[in-house]
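Q: Guided by the hints, dock chain U onto chain G, whose structure is given.
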Amino acid sequence: DAGVTQSPTHLIKTRGQHVTLRCSPISGHKSVSWYQQVLGQGPQFIFQYYEKEERGRGNFPDRFSARQFPNYSSELNVNALLLGDSALYLCASSREGQGLNYGYTFGSGTRLTVV
Amino acid sequence: GDSVTQMEGPVTLSEEAFLTINCTYTATGYPSLFWYVQYPGEGLQLLLKATKADDKGSNKGFEATYRKETTSFHLEKGSVQVSDSAVYFCALFNMDSNYQLIWGAGTKLIIKP
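Going down the list, the sequences are from chains G and U. Be aware that the first sequence starts at 1, since it is given in my numbering, and climbs by one per residue. Be aware that the second sequence starts at 1001, since it is given in my numbering, and climbs by one per residue.
If you're looking for bench data, these hints aren't it; they were derived computationally from the structure. Take the hints with a grain of salt, since some may be wrong.
[Stated by the list, open to error] Distance condition first, Cα-Cα at most 20 Å in a straight line; then the derived SDA-like pairs of lysine to any residue:
no., chain 1, residue 1, chain 2, residue 2
1, U, 1108, G, 88
2, U, 1060, G, 61
3, U, 1060, U, 1019
4, G, 30, U, 1098
[Unchecked claim] Covered stretches of chain U (chain G as the covering partner; in silico rule of three or more C-beta atoms under 8 Å from a C-beta of chain G):
no., segment
5, 1038 to 1044
6, 1055 to 1067
7, 1104 to 1113
C-beta atoms are modelled at their ideal positions from N, C-alpha and C, and glycine is treated no differently.
Just chain G, same shape as in the assembly:
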């Protein structure tokens, strides 16, 4: 079975631009979460979607948005990029909505560099 797949793997953008990151969960997983990991730190929660609805949102500005599609894949959008948005963006999927019992399976991430 394929794991959680994210695209692209690497991306370089200019300040002020917009970026879209994509994630496909493991087949049968209905929950997708997005995390931002700055170098040398633990991941920070951005969003969780379950059954195409937003179930949780972290402390990120409105420049960050996401959505989940009927096939449970997801997109993370970031507008008006800042240098501080440079990070590894991780997508995680879970067998059920909360990850309480099974944890989350993470993709390899998208490395975003803003110049």
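A: For chain U alone, kept in the frame of chain G given last:
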């Protein structure tokens, strides 16, 4: 709010040494606890988990016991290998935590041959 505290790294050990990475947490209710590992240039991999007090999670020779009385979930391995070199993250999931994993800062482990 909920939080996770890990021992600071890097932790440097010789091959076949005993490993302990400390993790303590603050949370209301009964969170689930996880250890994730991140190898250089890769994403996060679930290493082990425990969902209730006194549960012991284990995988690949690593183990951790959910101790509610000391709010701890220390990671241990009896004999480390060079291939265990990575960053280890302790995390918790709480029903009341806005559907997010709460992470420690990570502990870098370096194993020397």
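Q: Hints first: check each against the structure and report whether it holds.
A: These are the hints, each one checked on the structure:
no.	hint	in the structure
1	U:1108 x G:88	holds (17 Å)
2	U:1060 x G:61	violated (39 Å)
3	U:1060 x U:1019	holds (13 Å)
4	G:30 x U:1098	holds (17 Å)
5	1038 to 1044	holds (count 3)
6	1055 to 1067	violated (count 0)
7	1104 to 1113	holds (count 3)
Violated hints, in rising order: 2 and 6; the structure is consistent with all others.
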